[in-house]
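Undergrad: Given next are the chains, with one letter for each unit.
There are 4 protein chains.
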Amino acid sequence: MEIEIATIGGYEEVGRQMTAVRAGNDVVIFDMGLNLSQVLIHDNVETERMHSLDLIDMGAIPDDRVMSDLEGDVQAIVPTHGHLDHIGAISKLAHRYNAPIVATPFTIELVKQQIEGEQKFGVENDLIKMDAGDSMTIGDHGVELEFVNVTHSIIDAINPVLHTPEGAIVYGLDKRMDHSPVLGDPIDMKRFREIGREDEGVLCYIEDCTNANKKGRTPSERVAREHLRDVLYSMEDYDGGIVATTFSSHISRVTSLVEFAEDIGRQPVLLGRSMEKYSGTAERLDFVDFPSDLGMFGHRKSVDRTFKRIMNEGKEDYLPVVTGHQGEPRAMLTRMARGETPYELDDGDKVVFSARVIPEPTNEGQRYQAEKLLSMQGARVYDDIHVSGHLNQEGHYEMLDALQPQHVIPAHQDLKGLSGYVNLCESEGYKMDRDVHVSRNGNLIQLVD
Amino acid sequence: MEIEIATIGGYEEVGRQMTAVRAGNDVVIFDMGLNLSQVLIHDNVETERMHSLDLIDMGAIPDDRVMSDLEGDVQAIVPTHGHLDHIGAISKLAHRYNAPIVATPFTIELVKQQIEGEQKFGVENDLIKMDAGDSMTIGDHGVELEFVNVTHSIIDAINPVLHTPEGAIVYGLDKRMDHSPVLGDPIDMKRFREIGREDEGVLCYIEDCTNANKKGRTPSERVAREHLRDVLYSMEDYDGGIVATTFSSHISRVTSLVEFAEDIGRQPVLLGRSMEKYSGTAERLDFVDFPSDLGMFGHRKSVDRTFKRIMNEGKEDYLPVVTGHQGEPRAMLTRMARGETPYELDDGDKVVFSARVIPEPTNEGQRYQAEKLLSMQGARVYDDIHVSGHLNQEGHYEMLDALQPQHVIPAHQDLKGLSGYVNLCESEGYKMDRDVHVSRNGNLIQLVD
Amino acid sequence: MEIEIATIGGYEEVGRQMTAVRAGNDVVIFDMGLNLSQVLIHDNVETERMHSLDLIDMGAIPDDRVMSDLEGDVQAIVPTHGHLDHIGAISKLAHRYNAPIVATPFTIELVKQQIEGEQKFGVENDLIKMDAGDSMTIGDHGVELEFVNVTHSIIDAINPVLHTPEGAIVYGLDKRMDHSPVLGDPIDMKRFREIGREDEGVLCYIEDCTNANKKGRTPSERVAREHLRDVLYSMEDYDGGIVATTFSSHISRVTSLVEFAEDIGRQPVLLGRSMEKYSGTAERLDFVDFPSDLGMFGHRKSVDRTFKRIMNEGKEDYLPVVTGHQGEPRAMLTRMARGETPYELDDGDKVVFSARVIPEPTNEGQRYQAEKLLSMQGARVYDDIHVSGHLNQEGHYEMLDALQPQHVIPAHQDLKGLSGYVNLCESEGYKMDRDVHVSRNGNLIQLVD
Amino acid sequence: MEIEIATIGGYEEVGRQMTAVRAGNDVVIFDMGLNLSQVLIHDNVETERMHSLDLIDMGAIPDDRVMSDLEGDVQAIVPTHGHLDHIGAISKLAHRYNAPIVATPFTIELVKQQIEGEQKFGVENDLIKMDAGDSMTIGDHGVELEFVNVTHSIIDAINPVLHTPEGAIVYGLDKRMDHSPVLGDPIDMKRFREIGREDEGVLCYIEDCTNANKKGRTPSERVAREHLRDVLYSMEDYDGGIVATTFSSHISRVTSLVEFAEDIGRQPVLLGRSMEKYSGTAERLDFVDFPSDLGMFGHRKSVDRTFKRIMNEGKEDYLPVVTGHQGEPRAMLTRMARGETPYELDDGDKVVFSARVIPEPTNEGQRYQAEKLLSMQGARVYDDIHVSGHLNQEGHYEMLDALQPQHVIPAHQDLKGLSGYVNLCESEGYKMDRDVHVSRNGNLIQLVD
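Chains as they are written, first to last, in full-length UniProt numbering: chain A, 1 to 449; chain B, 1 to 449; chain C, 1 to 449; chain D, 1 to 449.
All clues stand as given, with none of them false.
Computed list of lysine-lysine pairs in DSS-like fashion (alpha-carbon distance at most 30 Å, straight line):
#: 1; chain 1: C; residue 1: 120; chain 2: A; residue 2: 372
#: 2; chain 1: D; residue 1: 372; chain 2: B; residue 2: 416
#: 3; chain 1: A; residue 1: 372; chain 2: C; residue 2: 214
#: 4; chain 1: D; residue 1: 277; chain 2: D; residue 2: 129
#: 5; chain 1: A; residue 1: 215; chain 2: B; residue 2: 215
#: 6; chain 1: B; residue 1: 372; chain 2: A; residue 2: 214
#: 7; chain 1: C; residue 1: 431; chain 2: D; residue 2: 372
#: 8; chain 1: C; residue 1: 190; chain 2: C; residue 2: 214
#: 9; chain 1: C; residue 1: 215; chain 2: D; residue 2: 215
#: 10; chain 1: A; residue 1: 372; chain 2: B; residue 2: 416
#: 11; chain 1: D; residue 1: 277; chain 2: D; residue 2: 112
#: 12; chain 1: A; residue 1: 431; chain 2: A; residue 2: 214
#: 13; chain 1: C; residue 1: 416; chain 2: C; residue 2: 214
#: 14; chain 1: A; residue 1: 372; chain 2: B; residue 2: 431
#: 15; chain 1: B; residue 1: 416; chain 2: C; residue 2: 214
#: 16; chain 1: B; residue 1: 112; chain 2: B; residue 2: 129
#: 17; chain 1: D; residue 1: 214; chain 2: A; residue 2: 214
#: 18; chain 1: A; residue 1: 372; chain 2: B; residue 2: 215
#: 19; chain 1: C; residue 1: 416; chain 2: D; residue 2: 372
#: 20; chain 1: B; residue 1: 190; chain 2: B; residue 2: 215
#: 21; chain 1: C; residue 1: 372; chain 2: A; residue 2: 416
No lab work stands behind these hints: they were computed from the structure.
Keep in mind it's a predicted model, so treat the numbers as computed, not measured.
Based on the sequences and whatever the hints tell you, model everything.
TA: Right, here's the structure in full:
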């Protein structure tokens with residue numbers, strides 16, 4: 001059976017992930033993501049109303065024209081998890097393919113919301129939920145799609161595996177190797193090792209190289225949680241305001257914040273549009289068991305009303321968890337820093353960033369400004385209480401060891417960023433151009449012909 | 001009562017700490033440390049045989065000549081904990097003073113060993129043990145010395161407090177604010193807050209500014225422990241060699257390593273001269289309850305014999321914890337990296353650095369070389385599994401809040417390094433030259449006259 | 001005669017410089033500057049209409065209330081050169097003092113423009129021009145004010161020296177030691193050495209510590225000029241667009257750009273409001289001899305008209321020198337990068353930044369965005385073609401050697417930034433608190449009483 | 001005619017360069033270099049006595065076994081210039097090939113010395129001198145070898161061009177684009193542009209990617225010279241010791257040092273083994289016209305004798321130019337720093353590093369130690385007076401523009417280091433794997449078959 005891989009997006013950057021695998025006549029697409037930074041560099045761009053071609057020109061969504069060179073039928077579009085760089089282009093591209101979108105329940109729900117917000121295209125692909133551990137048949141020639149449970153900075157993430165007669169194709173984006181996650185199950189390394197050994201073994205492994213140049217092992221979410229606990233417990237006796245911020249989609253982290261807020265005698269409340277969106281969705285789908293009275297508010301008006309209530313009842317009884325961990329100009333924490341909300345910061349109030357600045361000068365500048373404005377109001381800043389959601393080098397090493405793939409394809413980075421992964425592979429006996437395929441957006445790699 | 005403070009050493013650098021406080025006619029000396037880097041920059045210097053004056057000229061030990069300007073009698077020499085930069089000059093300077101050395105039991109034991117190794121001077125000062133929480137009277141005019149329990153990267157650390165009729169002098173070196181340490185009691189913040197409120201309050205606080213330019217809060221040792229657990233547990237299935245290194249004097253960390261080694265089915269063994277020294281001392285003094293069969297070997301011969309045994313019986317059953325976390329040329333791990341020991345590293349063997357590189361180009365160069373040599377043998381390196389033993393800015397903020405001192409004196413850094421502390425104090429209403437005293441080695445500060 | 005120094009602004013930051021020296025009953029004020037970054041952190045602040053007290057509260061201008069503690073009459077306000085951090089608060093503070101403003105002709109002209117733009121206060125102090133090398137008498141007790149020629153990144157900069165019966169007070173802000181400047185005379189080291197030896201010598205030297213932590217020697221403007229020449233000459237054969245940007249007030253640099261533009265067969269044209277202002281002023285005052293047909297346009301309309309003309313006549317014949325070297329959102333180059341001007345960038349067009357990014361995250365973020373937008377249009381970026389206008393450590397060393405001052409006061413930095421200067425002084429035999437006075441905003445230092 | 005390229009060494013690192021080009025049956029080898037850092041990481045390795053295979057195993061010299069897969073006869077070995085990473089393996093590998101070594105006169109002389117120092121192998125290949133601008137015929141099928149003059153940090157550097165019926169192969173290592181070098185002719189861009197247009201144009205360009213991730217344009221040596229002049233002239237009045245160090249093989253820089261030493265009234269003298277070697281060779285071959293009385297001393301004894309003479313006659317009359325710019329433990333400057341030579345440093349003496357630290361932790365550590373030891377003796381350090389010898393991105397851009405090659409092969413870097421070059425090429429319309437060939441050591445690339 002011919003096996004061909006189209007590396008469509010995310011092979012020259014982090015963002016706008018998209019990869020297609022053809023097994024004989026059947027094609028499966030993994031991820032359709034958005035590169036938000038290519039949008040934000042421009043002023044006043046509203047993606048909801050834009051045409052795909054303009055977004056492709058901007059480098060914001062994958063240029064999927066190479067799909068016409070793949071001779072086969074798309075049988076499924078499979079986003080691995082709900083982050084924008086993996087689902088954000090579905091509303092712009094999926095309608096071109098006559099295929100269902102298959103994903104885990106939480107991801108499907110986020111895809112649904114994405115499609116509902118779209119104002120240019122009507123996207124009517126079927127949405128099919130499949131859980132980690134489950135499989136489905138693709139086409140009529142013995143190809144099977146399996147979801148293996150992985151751990152990432154969002155819940156319900158999986159690595160899809162396409163079992164073909166020629167061996168398995170493991171699509172490894174995005175994950176860290178977490179044996180003690182805070183929500184959900186540990187990464188299913190047992191299954192990966194089985195896949196490495198069974199049948200034809202692994203024909204090809206496509207790897208998440210986000211942290212390919214970072215040494216060591218990405219710590220478990222449990223470590224971030226202990227760090228966060230240590231920080232919040234240390235504030236137990238403080239009787240002023242405490243505010244926290246984190247990635248809205250990072251439900252485990254939000255859960256920890258909510259839990260520790262209660263431990264130190266404060267009522268947590270989630271504020272900001274995306275904070276409400278992700279946590280609300282996770283709660284409705286029973287991924288998390290928040291306290292029944294946990295407030296979540298997204299609209300500016302209800303947020304400000306909540307802030308007023310907090311000011312009236314006493315800041316010392318609340319712990320708002322807000323958007324704005326990167327100092328985004330319009331996020332809630334930045335508004336607080338600029339004094340644009342009813343929440344007043346006093347000398348000694350604590351602001352906890354359970355996030356790391358994404359290392360890019362624009363973010364760094366914005367975050368710096370937010371922190372400076374917070375400090376000018378007397379706030380005390382606690383930052384970097386975080387662990388990455390992506391494998392570092394030793395995770396990559398362990399995955400190679402478990403899967404023993406014939407071919408590897410580094411993804412989710414530019415050339416500089418993935419260089420460490422090539423070095424690792426070569427130290428393990430692979431060789432670039434022979435079985436390590438450093439690809440670019442829009443390339444086709446024929447593995448079996 | 002006149003109160004005067006002599007900032008003798010460690011006010012222009014990290015290392016060779018020494019401070020004297022005169023209350024009326026009674027003088028207490030806090031710390032007598034060694035600045036090891038001033039020794040190591042020279043080739044082949046043997047401090048054991050050197051005269052104090054030469055070591056003073058080298059900037060290696062405090063220049064205590066200013067003591068002749070302090071009119072009073074030295075009643076006690078009080079090292080706060082057993083690190084070399086706090087006790088390393090006792091064998092060169094203490095014999096000049098007719099006063100006992102007063103310290104906690106673990107520190108006293110290390111001082112004793114220090115004195116026994118000295119080959120130039122005979123040091124015959126009395127050694128008096130006093131526990132955290134206890135007090136003793138100094139002189140005849142109502143001055144009292146109290147030990148408050150603190151948490152640091154070595155066990156049995158205290159902050160001495162000199163209670164005088166004019167208020168308390170709190171000598172704050174070295175600590176982090178740890179509410180959940182792995183060994184020993186949490187920092188006694190309750191007592192610090194009492195001292196801040198009782199009687200005359202705090203006249204002066206001398207602060208450990210090592211991390212004064214670092215944001216946020218130093219995590220608890222518990223966080224490093226969870227990180228370390230995560231790393232070692234992830235290696236549970238590995239059936240080759242695993243080697244770890246950390247600060248020899250960091251008994252909590254060594255304890256965690258020993259414990260996790262056993263958890264993953266390996267026999268821990270401590271190797272290297274200082275590894276044996278510190279852990280052996282801690283065990284003899286009952287600070288730690290190591291497994292009864294834990295091997296500790298210091299002499300090169302017995303270390304190599306142990307390595308041979310490990311190679312014979314199977315690397316997969318052992319976890320050597322060795323010296324060499326900074327890549328020191330003569331330490332055990334560096335010898336292993338150079339292939340100079342019987343322990344053979346194989347492809348995939350793990351080396352765990354539970355330490356951070358001390359950020360100075362010499363260390364960075366040596367550590368880089370050690371890691372490169374290890375990698376050339378196929379070892380996989382895990383580094384930076386560590387938390388600092390010193391307060392960051394938010395710890396400084398909390399100490400000021402607890403003690404409410406009239407005066408503060410930043411210590412344990414150079415001017416650049418302590419600048420963040422001055423900024424913090426000024427944001428809290430203090431003012432440089434009025435009540436924040438940025439001092440230099442050899443200065444006298446008269447607080448009450 | 002009593003000598004007292006008030007360190008009013010710029011002793012805890014770079015920006016809002018202000019220092020007063022009292023000699024007996026006569027007071028001279030050096031500099032009254034604005035800290036622009038404290039303004040820009042807020043959205044939509046218009047300083048022209050603001051009251052001094054609000055600007056003081058913002059940390060934008062010096063808090064001159066300490067002046068009431070100086071018992072004497074202000075005889076002169078002496079800005080050293082025309083940069084905003086030295087003259088930008090004159091329009092807000094000078095009217096409080098019944099004293100003339102004394103400065104070199106170029107500086108006086110910029111002060112005049114500053115005052116004319118002021119919309120809140122009427123500033124009616126006399127403006128007195130005095131050239132480098134000249135002196136004037138201050139009061140009736142033998143005090144004299146001398147201007148010594150120095151070299152900086154703006155023309156007509158001086159260091160004022162106040163000769164008193166107790167020795168000279170040398171106010172050393174801002175300068176580099178340039179023996180081969182492009183415009184104007186070399187720094188007058190001969191005069192500094194004389195002042196160091198004559199009469200009572202130098203009682204006090206107030207030093208520009210901007211680069212106190214930088215090693216070596218700041219290169220001459222001649223070196224930047226050679227670098228710039230090398231860059232522009234290398235483009236001689238390019239037949240598309242070339243654009244350059246630099247500090248508008250850096251007349252020597254603008255001169256070099258103009259000259260090299262002509263050398264490679266292009267017509268230079270200066271564009272942007274502050275570009276027109278500074279270059280126009282320098283030309284009117286005969287500090288520079290630009291080509292008679294050199295266009296300078298400040299208003300957006302005339303700039304855009306010029307761009308249109310350039311596009312019509314051929315980009316290959318022009319070299320626009322524009323504002324925007326830091327990526328400032330509203331500057332000309334940023335507008336070009338956003339495609340908001342009639343000038344169209346093509347693949348291969350060159351953009352030359354004859355400036356260094358001011359190392360602060362906000363600037364770095366903005367500059368990064370500007371460069372990214374330029375690159376997205378195909379532009380090739382040449383950056384960092386620059387030398388600093390401030391002394392590095394070896395310049396400080398030479399100044400100490402020349403002046404042999406009894407006292408030194410580091411200025412123009414925060415504590416961290418000036419730390420290298422204190423270290424240097426102490427290596428030369430000074431001692432902090434004895435004759436090195438690390439001060440803070442609002443302090444008084446009594447040198448002779 | 002078949003054209004094939006073997007990328008033998010220097011495609012995964014900087015160092016041990018070696019590339020072979022086969023045109024039909026004729027093979028030309030470009031460079032045979034040594035990666036010194038792979039030697040120095042080990043203690044006490046003497047390469048002179050080592051076998052090639054051991055050096056290959058160490059990664060110190062190219063693994064040329066792939067040459068057996070190249071079906072053709074080696075007609076010439078062509079080192080491009082005299083740096084060790086380009087000629088250092090000739091004494092270990094050249095004897096395996098029955099072919100002459102063809103190079104420019106200065107390079108040939110250095111190769112000869114290299115061969116004479118070899119103690120393991122007898123190397124008896126013919127040594128043929130060919131000047132820049134000249135050509136020679138290779139084999140009998142219309143292949144020609146041309147030397148194009150380039151500019152680098154060593155004199156007499158060329159880029160060899162192999163003219164084949166299929167187009168030219170331009171081997172672009174190592175160069176910067178210097179239109180105003182201090183010694184020798186400017187880079188021959190006119191010839192490169194001709195080659196780009198004539199006949200079949202350029203089939204393949206192999207590029208020096210050392211600085212591929214650096215923005216802008218590498219300045220001319222003229223800029224470094226002006227910088228150096230500025231530094232040395234600023235010391236004209238100093239009447240103590242001045243010492244300078246630079247790359248021994250950097251004859252232009254040494255020439256500038258010699259010239260400026262005389263300008264400021266000091267007698268230059270060159271000290272250290274490799275200082276004598278390179279400058280002596282350059283002088284003997286008439287590449288430079290040193291003052292007739294310029295002393296050059298290599299042996300430690302004669303160096304120390306010279307130092308004694310300088311101390312006797314007065315340091316203020318001399319300017320020793322010594323080895324040791326990277327703080328190498330056994331170099332002359334390091335010996336001076338450790339007080340191991342008769343030259344005594346006094347307070348205020350100047351040490352000029354006309355070199356940049358090679359950014360690798362080992363170098364950085366050694367250089368830091370050397371500087372610290374110098375400072376401890378009171379020396380004032382001037383560093384970083386240097387420009388790189390390699391093209392930055394805009395030089396790469398210009399070369400692509402001049403040559404318009406069909407294929408490009410990035411070399412002289414690891415994958416991370418060359419990533420910027422791939423990005424540049426792709427922005428110019430090339431595409432990785434199609435016409436940008438990112439290769440690895442030991443690969444064959446068939447361009448025409």
